[in-house]
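Asks: In order, the protein sequence lines correspond to chains U and B.
To get our numbering, take the position in the first sequence, counting from 1, and add 134.
To get our numbering, take the position in the second sequence, counting from 1, and add 134.
Hints may be right or wrong, so weigh each one.
It does not matter which identical chain is used: a pair holds within one copy or between any two.
As the list claims (entries may be wrong) - Result set (DSS-like, lysine-lysine): computed pairs, CA atoms no more than 25 Å apart in a straight line:
id, residue 1, residue 2
1, LYS579, LYS136
2, LYS175, LYS579
3, LYS225, LYS373
4, LYS226, LYS596
The hints are simulated quantities; they were obtained by calculation from the structure and are not laboratory data.
Number of protein chains: 2
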Amino acid sequence: MKEIERLYDRIIQRVNIDLRELEFEVNPYVQELIPLVQMVKFYAFYGISPHLPPHFQFCNSNLAGSYFLGRCKVTDSLLYKSDIRGDELKKKGDLFRYLDYDMQVGDDEEIEIRNSLLIKTLVHNYSHDPETLEKFFITDTISMNYANIHGSPSSGCFLGAFATVDLTTMRNCVIGNFSYIQASEISHINIESGTIWIRNPGRFNFFYRHNPEKINDYIYVTPGAAPQGLFVDFIEDRKEAFQRIFDSVHIEQPVPVPNNASLDRFAVTKGQTHIGENVLVAQRAFLQNSWLGQGANAQENCFIINSRLEGCNVTAHGAKICEADLGRNVFVGFNSFLRGRPDARLSIGDDTIVMPHTIIDSKEPLEIPPGRLVWGMIRDRADLETNSIAIDDFSAIDSSASIGDLFFEGSGAQFISAFKDRIRHILQANGAFFNGSEQKGHAQKNQHISFNTIQPYPEGMKKGLFPTILIEP
Amino acid sequence: MKEIERLYDRIIQRVNIDLRELEFEVNPYVQELIPLVQMVKFYAFYGISPHLPPHFQFCNSNLAGSYFLGRCKVTDSLLYKSDIRGDELKKKGDLFRYLDYDMQVGDDEEIEIRNSLLIKTLVHNYSHDPETLEKFFITDTISMNYANIHGSPSSGCFLGAFATVDLTTMRNCVIGNFSYIQASEISHINIESGTIWIRNPGRFNFFYRHNPEKINDYIYVTPGAAPQGLFVDFIEDRKEAFQRIFDSVHIEQPVPVPNNASLDRFAVTKGQTHIGENVLVAQRAFLQNSWLGQGANAQENCFIINSRLEGCNVTAHGAKICEADLGRNVFVGFNSFLRGRPDARLSIGDDTIVMPHTIIDSKEPLEIPPGRLVWGMIRDRADLETNSIAIDDFSAIDSSASIGDLFFEGSGAQFISAFKDRIRHILQANGAFFNGSEQKGHAQKNQHISFNTIQPYPEGMKKGLFPTILIEP
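Produce the entire structure from the sequences given, and follow the hints as far as they go.
Replies: Next up, the structure:
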């Protein structure tokens, strides 16, 4: 076990050095957090699909419980139960449009994870950084439970639990728990917990911060202990259902799946669950007694329980939806927590955008009309007034506006248009618009993936480390 | 599926060319034998252990259901449910004694399988060829169900079902069904089915051929069809028990295992089975209601049912023992079939050597006294007279002897001494003599092995082929 301990210490040291200007020490957050002995227990796995000729390179790392898809290189790192999805990497020769430039991608893009520690983190590669088209890097970075690193190259950073960084290149930053950042490029900043910040320089700036006291009920981190709170309890309560899935080599499809849809074999489905046409259910998604209409997608680590989603719904990575009825084209952003009650259901009208990291947790029935933009924390009808607006009204903002605790500046129309473009891209990439021959997406391409499993040395000096593994087509 | 079909055809073509002088065409034996679609169904797996730093290289091959341990390279080959065990490969710098020479091994030895088709074949690498110390090659070779390629480099050969080649380098040979060959080096010969031939040039020559009519009850091959007969039925009847083992990621140890013994997680144990100290049970061994005394080993594809083995027993690859009581130090050779009946048990005294490919299948109780050499086919007490001899008497042969259908020439003493040395080596290598600190063998070293699984492309042109995989320590 000697070598893995050395590696652990070295990663911590390097991240500390990178964050010295911010006077941030990662030690209390990661020390003792994962007993290294846990890291010997779980197999990692990678997907083999003709749509993504496999290029993997794993070297001097532990990958316990992690999943890999698409071109990826992991060196000197510890990845614990993380999902690394490289299925939207750019290809050699692709044209990348940035402002007025058409940039040619010089080589097949690759995810490179080096000297990093990712715990239950989702990495998805849809990166927009024109400065690093061929390499999606995650170096000297520590990322905590249920964080999302989404299209966001990162160097020398610390991400708290349930944090999301989206389409943002980060250098030497700290991202607080449950913060959502989409800001192109950030450097040397420490972002407080519960911050929702979306910035497109010169166009718009969207800023909201969750009330620190209220947010503690949902996610709370004490140095030296694992993250606590309702989010953690919610996931822990449902952990066992995944056990069976990971313990079996072959899983029978538990519910009917149309031949243009896909249900990942590492997803959980319980009770009466309906999978519609062109639906994508990703690995580690949890579905219970729910109805997914045509073109809906349920992304990694999401939970959809006792709910009905009419169609073309995006349920982003880590989002949770309980006792709710969602119309068509409802978008639910990363790590959002939408909870109705059996006797007080939540209903959301068509074309509504629920911003990432939104909490809707009402004990009274709540009805959100169609076409709304919704953000922040909503625990009753009064909160809904200050935390939502008709999308058309938001589009009319042309310089700035304060709505409840939200501060927005710039063009509301550009903000809404950017968001809608993004949602369309997500639906398209996931195969929602497949017509039987064109517009194939993940829902169609992921139907046949083989999974190979890998394990570390079971004893000796290298105990817990995986051998060096290279996979080529 | 295109590429795997081309590969299949190319292997057949090359083996046919290599065997043209013998006027042997392999087509009728392998054509349609494995529907290629089966080859997409099973995962292959390889072991990771600090005792055998992993070196694997798999390239343009299908490996369905196969197992790999130790340094191994597979190129342009189809391996279906085969066991490739490279745990006794020579190491760089080892001294290899051959006649009066001490030869230094120049590099770590490696198993190299190229342009070959192995179906349910066991490959074990304990090779003695002084001409190829660093490479254990299997090229342009087709090997059928339950054949054993044991320490036998092979080029341009065809092995029939249940054939065994042991410590023999082969070039352009055909080995008939259920033949056992141990002959140092052979070239351009076609060996009839049921031949037992052990030759040490200049020292001894042991030759027996099973009666072709009688052997047909046990193993029978019609061109164009899968092998048939009692051996096949026997295995097929017990196939399902392996299903559960291969479908689960984690297997609870079904019976107590002493901490100096090992029971492979891919072995089957049923009923009241006892595993003694220093016992080794290899993958794909099948144990039912049996007692394995101290230092016994149960090798790949062996079956031990309702039997008691007192200790230091070798049950070699593919051997089957039912309703029998075996004393200490009883050796049962490759693919032997020993069947007593519940009301007519078979008993075998201490220190008896049951030659490879022996069939003892008696409906009356049969008692073999201690210290016998036993061979051929024994179906009643009369057969026992012509197919066994006291080891001491055999040792006394100094020029030649005919006993029943057995022809022997050379030194009986040298033959027995070579056999006993071999048995001692097997027990030692398997850890039978471990004293708590010294003489570790497979029984002790195999306790902690991680298994990684690999699968082929699930669709597309490369359907059924595995991606290129390189594993280094």
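Asks: Each hint needs a verdict: does it hold in this structure or not?
Replies: Evaluated hints:
1. LYS579 - LYS136: Classified as between: cross-chain Cα gap 20 Å, same-chain 42 Å, threshold 25 Å.
2. LYS175 - LYS579: Answer is between: at 19 Å across copies they meet the 25 Å cutoff, but 31 Å inside does not.
3. LYS225 - LYS373: neither (37 Å within a copy, 46 Å between copies)
4. LYS226 - LYS596: between (37 Å within a copy, 22 Å between copies)
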